[in-house]
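S.K.: Chains as they are written, first to last, in the numbering used here: chain A, 1 to 276; chain B, 1 to 309.
Because the hints were derived from the structure by calculation, they are not lab data. Among these hints, one or two may not hold up.
To be verified - Far from chain A, some chain B residues (derived; all Cβ distances over 12 Å):
1. Leu-22
2. Ala-68
3. Arg-72
4. Asp-88
5. Val-109
6. Leu-117
7. Val-139
8. Trp-166
9. Leu-190
10. Met-231
11. Ile-251
12. Arg-259
13. Val-265
14. Arg-268
15. Thr-277
Unchecked claim - For the chain A half of the interface with chain B, some residues (derived, Cβ under 8 Å), not all of them:
16. Leu-20
17. Ile-253
18. Leu-254
Backbone N, C-alpha and C define an ideal beta-carbon position, used for all residues, glycine too.
Spelled out, the chains give:
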Amino acid sequence: MSARGWVGAALVGALMLLALAGDRVAGYRFDAQDPAHALEAPSHTHWLGCDALGRDLLARLCEGGRVSLLVAVGATALALAVGLVYGALSGWLGGRVDAFLMRGVEVLYALPDVLVIVLLIEVLAVALGPLPDLWRRLVAIAVALGFTGFVGVARLVRALVLQAREETWVEAARASGARPSRILIRHVLPNIAAPLLVSAAFQIPAAILAESIVSFIGLGIKPPFSSWGTLASDGFEAMRSFPHLIVFPCIAILGSLLGFHLLGEALRERLDRRQA
Amino acid sequence: MIRYTLGRVLAGLLVVWVVATLTFLLLRFLPGGPFDKERSLPPEIMRNLAHRYALDRPLGAQYLDYLARLARGDLGPSYKYVGRDVADILRDAVPVSLELGALAFALAVSGGIALGLAAGARRGRIVDRLVTLGSLVGVSAPSFVIGAGLILVFGLFLRWLPAGLWEGPLYAVLPALTLAALPTAYAAQLTRAQVGAVMDQDYVRTARALGVPEARVRRRHVLRNALLAVMTYSGPLLANLLTGSFVVEHIYAVPGMGRYFVSAVANRDYPLVLGVTLVYAALVVLANLAVDLSYAWLDPRIRVGSPSE
């Protein structure tokens, strides 16, 4: 793996560890208020300082990272699952089904992602009525992000399946009497797994980015949850007097995005030689 | 070319119609109206309000009515800004967003191509390394991170530029820079890769072998082909600019479409949300149309093929 790839892996690994170890690293609970230390700048007791309610910023960043990563991983899993089925059907069946399915997703390209995500979150938060209140918005956001992500995956899978369909080993399987569903699952899918993995590696930062944007403008994650996006949003309001509140959430977001991008590039170089 | 153009225009109109229908349906199924307040109003007032805004009619009738008014350019009254039409609000907001977007687009294309050419021509040298690193950060960073950084440095620390509002050319500098960061980085990456690929082409070697001066080779062959690649991506690039405008307009309190969209969603101001969504769709469709047509004009191979491809 290249040096860039290792830098990416280190960044991602460090941030994951921080998000998982959470409060233990900071030594404070993310929601423990301490008015005496409100808006305090970084010091040796509170390494990254405190927010307006005297909550430790490091602990809040760990907690926010957990939410951001959870939403991003959920969205990516969804995008991959739906995109895989949609793209495989489109590519394998071809003809009118293919034309219909592909025209269907083209509409999404006519709208900015943020706009689609915001509208979907509002609708889904309602449609998910039976879920407990606390989780509803989180799930809605993950589903909305997965929905905008699946289009790219579907296009990729379709192209790969179209390509694989013409290969001689598919012809051989067909000639030996294998059912189409078996060919698709046992022969085609394992062969397109590598590029899919690479696309997944790029889906995660895309989801983190989109979530942080909608949360930053106040239409994403809402209390009692916080994410890197909401922390940046809170920090932005106070940045004139207390720049530490905006600087550290931004570093966390930028670090994770850079890390995932570098890792994705390294994965692509290693796994996806045909495209290089 | 006429056949091709017509096909593209029709496809674009279809997309706008589908978007109009989808958003209409989506928003009608959202519960909680704009008139839900903490203190509930008497039922007869609610009925009057619903009647005033035609919310008590069947959905199909509302939809047809909506389409008919849309065809006349009437987007209905805003629920939140009493006494103002959505079309009226958009007339003020759209030019602001377009101005910001155009400024950022010009910055991104010129800056991105210049950086990409500089890096591509001197591979492995310090310029190349700096551009590569900078563009990696540029494509990764969310616009609010760039915006916060620019405000901290130029707005609060150096105090050179205003960090908000929209009251003159100086006020456009930071928003335009913030908005342009991502597409600039993207265009630089594209151009750099393209320059590298074109330099290895047979026709460049032939031109050099024939004794064509290096500057002319660069201008006629390398630059032109690199431009073509950036142009293909300027459609998505423009869409990126529009997407970014939500955050940038929010950060700098620029009274454009993005900011109205954000507050309209929060206020459940359905007609305004619909209006902004439609304008976005129309703009993206128009941008893609312009790119497709100019590309077809530049590269004859495209317009010879059928428009459905």
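S.K.: Each hint: holds or not?
M.R.: Against the structure, the hints come out as follows:
1. Leu-22: Since the minimum Cβ distance to chain A is about 7 Å, Leu-22/B lies within 12 Å and the statement is violated.
2. Ala-68: holds (22 Å)
3. Arg-72: holds (22 Å)
4. Asp-88: holds (21 Å)
5. Val-109: With a cut-off of 12 Å, Val-109/B remains clear of chain A, as the shortest Cβ separation is near 19 Å.
6. Leu-117: Answer for Leu-117/B: holds, closest chain A Cβ roughly 23 Å.
7. Val-139: violated (7 Å)
8. Trp-166: It holds; Trp-166/B is separated from chain A by about 18 Å at its closest Cβ, greater than 12 Å.
9. Leu-190: holds (15 Å)
10. Met-231: At roughly 18 Å from the nearest Cβ of chain A, Met-231/B sits farther out than 12 Å, so the non-interface label holds.
11. Ile-251: Not fine: 7 Å to the nearest Cβ puts Ile-251/B too close to chain A.
12. Arg-259: Since the minimum Cβ distance to chain A is about 9 Å, Arg-259/B lies within 12 Å and the statement is violated.
13. Val-265: violated (6 Å)
14. Arg-268: Answer for Arg-268/B: violated, closest chain A Cβ roughly 8 Å.
15. Thr-277: Violated, because the least Cβ-Cβ distance between Thr-277/B and chain A comes to about 6 Å, which does not exceed 12 Å.
16. Leu-20: violated (23 Å)
17. Ile-253: With Cβ-Cβ at 6 Å, under 8 Å, it holds.
18. Leu-254: holds (5 Å)
When held up to the earlier numbered hints, the structure conflicts with 1, 7, 11, 12, 13, 14, 15, 16 and fits the remainder.
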